[in-house]
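Asker: Protein chains in written order, with our numbering: chain A, 2 to 341; chain B, 15 to 345; chain C, -13 to 292.
One thing to keep in mind: the hints can contain errors.
[Said to hold, decoys possible] Some residues of chain A that are not near chain C, with every Cβ distance over 12 Å (derived):
1. Val71
2. Ala300
3. Ser327
[What the hints assert, rightly or not] What follows is a list of derived Cβ distance ranges for each label pair:
4. A:Glu160 / C:Asp184: 17 to 25 Å
5. A:Lys205 / B:Pro300: 19 to 27 Å
6. A:Pro295 / B:Gln195: 29 to 37 Å
Hints are computed from structural coordinates only; laboratory data are not their basis. Ideal placement from N, C-alpha and C gives every residue a C-beta, glycine not left out.
Here is what each chain is made of, one letter per residue.
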Amino acid sequence: MPEQQDIILDVRNLQTHFFTEDGVSKAVDGVDFSLNRGETLGLVGESGCGKSITSLSILRLIASPPGKIVGGEILFKGQDLTKKSEADMRAIRGNEISMIFQEPMTSLNPVYSVGEQIAEVLRLHQNMGRKEAWDKAVDMLRLVGIPSPEKRATQEPHELSGGMRQRVMIAMALACRPEILIADEPTTALDVTIQAQILELMKKLQVEMGMSIIMITHDLGVVAETCDRVAVMYAGKVVEYTTAQNLFANPRHPYTVGLMNSLPRLDEDVEELQAIKGNVPSPFSMPVGCRFAPRCPHATELCNTKLPELLEYADGSKVRCWMYTSEWDGDTKTATEVGV
Amino acid sequence: MMTTQTNPTKKPLLEVKNLKQHFPIKGGILGRTVNHVKAVDDISFTIHEGETLSIVGESGCGKSTTGRAILRLDEPTGGTVLFEGQDLLAMSKKQMRDMRKHLQVIFQDPFASLNPRQSVSAILGEALAIQNIVPAHQRRERIIELLGYVGLRPDQIDRFPHEFSGGQRQRIGIARALAMQPKLIICDEAVSALDVSIQAQVLNLLKSLQKQFKLTYLFISHDLGVVRHISDRVMVMYLGKVVEIADKKSLFDNPQHPYTQALLSAIPVPDINKKQERIILRGDVPSPINPPQGCRFHTRCPYAIDRCKTEVPGLTSLHDTHQVACHLAQV
Amino acid sequence: MFVYITRRLLQMIPVLLGVILVVFLIMQMVPGDPAVLLAGEGASEETIAKMRTQLGLDQPIMVQYVQYVANVFQGDLGTSLRSNLPVWDEIMARLPATIELAVASIFVTVVLGMIAGIISATKQYSAADITIMVIALLGVSLPSFWLGLSLIYTFSVKLQLFPVAGWGTWKHMILPAITLGTAGAAIVARMTRSSMLDVVRQDYIRTAKAKGLRETVIIYKHALKNALIPIITVVGLQFGFLLGGTVLVESVFAINGLGRLIVDAIRMRDLPVVQGGVLIASIIFVFVNLLVDVLYRYFNKRIDLN
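With the hints as constraints, model all of the structure from the sequences given.
Answerer: Written out as structure tokens, the structure is:
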């Protein structure tokens, strides 16, 4: 695992809760991962697992009320973002840490030209004048592969296709050469051939700019394609954290295994998919024990009653599962089977 | 696993011939029709009894429009749709209503297609009332039976759609379709909105129901992994045209059309050691209002020759179960 | 845009023909004969009959209608039965006051309404929000004549800050404009609030925040321009109510405007003036609607003009 000095972002036991009339929703409730300079970290999980809330928490963009970061640390270059003032955070957003979103259709302001929307961030953070910022915006559009960028810059978002808009979002996010790009399901709304273009572009720009990427996705294919390391989330917690290589070769957590088995594959035929039974628990009433226990094929008495801690291996990978502890009260054979 | 090659002696259930769906665009001072969106432009295909034919393609290729045109949810511009030999498009509104129970549809968004003010028993009861085979006093029993087929519990019968998760709502949608005892079910992106773990449950359910009730599926999806799992045959569409249609194995192992090849190579494979050669297409899909002359794919095709720019390629057979519309295919 | 405006202008013709027809029919149904009123008390049957022929009132209603429409297209609105002056001149003498009043009131409606709405939306559920919404509710419910009289009593009679009645200086304008604009301001405030609350939930506002923009820039640059779209529609609708409201307010503040002209003409069965007045008011209304739709499309370019 990484040397200490390589770490640019270190998230420790992050907890973001929502205080609503229906009760407290523990949307993010124990998220740990670290991100190295220049690498891509995948944040993987299904809807409601808290991956998007985690990314919004890093930029402190959670609407408050009802949301609030109630615990943990977000260390960006050693400084805890949870303790920064709003003004300090504004200087970081869009400048040192940028973000792109799932819906390129709605993430751009419909009433301003795309050039203006890119130039705005340059004027704000780089103290550029109007002319200079506009020229740089056109350069950025060229960089992200938009043909005739001078003309495109003057157009409004509705004149562009979905793929083009996501390129504009990337241009906007990278205009100030951020150290971290958070990409929240950046290709989910796009067609596969356009997805391939966008992922290719992101990889190319990452190499050119040397930035780190947090890739939030539900698609294990995208993870295999882009990520160096992966944090798998389930019901607000990180359940497994390891290198992408390890994750696919040797998934440890039963949820990770289940996720992989439920995926219809392009390269092999199976008569029946091994679906994970049941549904994701409600964030208002989480199981007392392991949150995956009600759906886990290996769950025991221990799993149902006591929450497992995040267990760290010598190589730095982590797993939150009783099976890998000495306290495990189930069949020890299962543990090795699952691990294979 | 046994390969599910289509048997040519199998009886066709649905035959679509020269189907066209052109939507008018109004304009000018008097609001006349100035142009058309050629959403589906002269396509033909057949679905045999008991098989699953999938239509794949990217947004705007016309796959959902095809499904809607078959059901006459939008009235098609031209062509014939023979269901068990009868032309659906020639039927009166009333005949079509009677016919609809044989052709059911499951949509992407189960929540939008279920009335939020109706309980599960009301939703399914309504379907049974339309179908009108089960006598009224036995309907509740039948509803419970239907819930059993789709993996819902009898005690959930009086609940409302909002009390269910996305996957469960899709199960209700499936139960509603089953209530009609249909012959053909059109699944329009039926699992696309679901998380993978839930998607797998619903796919397994669809497969087992197909066996149990000898159902025929027209499965419309953009997800090639899902399509590979569920289909017997696959039809690839691009800008309103069929570019390739083949049995599953032949299509995935030996794709002939450059678009199919690009589509398959574009999908990220969830296996870190299987890095594949990727064909990245340049640019976006052209507008279906003024589609390119000749082969519609020639503007993005890495192999396009002059002939592709002028001459529309027809579907030609590679072998019994594999047809492709490309001038360069090794037919 | 040019095609769109041309089409809209052409569409105005049937609307205006309809307006004239409706006014014609209503005036027929109202009891009272203009010939009798004009000939004066105790005039002979013969005088009245002569008067009728002179005014063209003996013709069938459709003939009168066609004749009138033909005249209108030649720019002739007829002659006032009461003053014998051309209707056009009568209206032009009164129109400026009404337009000034309407513009001043719309200004009150838009400025007051939007400021209150923005404050309300940005401080949702705060004391300021609740206060503004309560006042807005009152503003919608108060009848304008009552509000007008109360304002006159308080500011003109008691405090003697503004003239009691009449028209001419900016001081004359303030109380009538507030009277007429308040109800609209209340509606615009509520619309602005809900529109702003809707816009701030949009994805592009999240994008703006992720860029590191200040709250004020996000609200006034990124949110407001989008929120304006439904507000413009409401303001356009308010203008219709406003034209109707001028009648009352002109009466309360004794302003010689178009509204009073029409009301007086109705009382006198001065048919040409009523028709001319309603026609001019309708034309203004239809043009304002067109303006609103053009603005709407300017701000919402995603809508195809055709």
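Asker: Could you run down the list of hints and mark each one as holding or not?
Answerer: Cross-check of the supplied hints:
1. Val71: At roughly 21 Å from the nearest Cβ of chain C, Val71 of chain A sits farther out than 12 Å, so the non-interface label holds.
2. Ala300: Holds, since 38 Å exceeds 12 Å.
3. Ser327: Check passes; 45 Å lies beyond 12 Å.
4. A:Glu160 / C:Asp184: 17 to 25 Å: holds (24 Å)
5. A:Lys205 / B:Pro300: 19 to 27 Å: holds (25 Å)
6. A:Pro295 / B:Gln195: 29 to 37 Å: About 35 Å separates the Cβ atoms of Pro295 of chain A and Gln195 of chain B, which means 29 to 37 Å holds.
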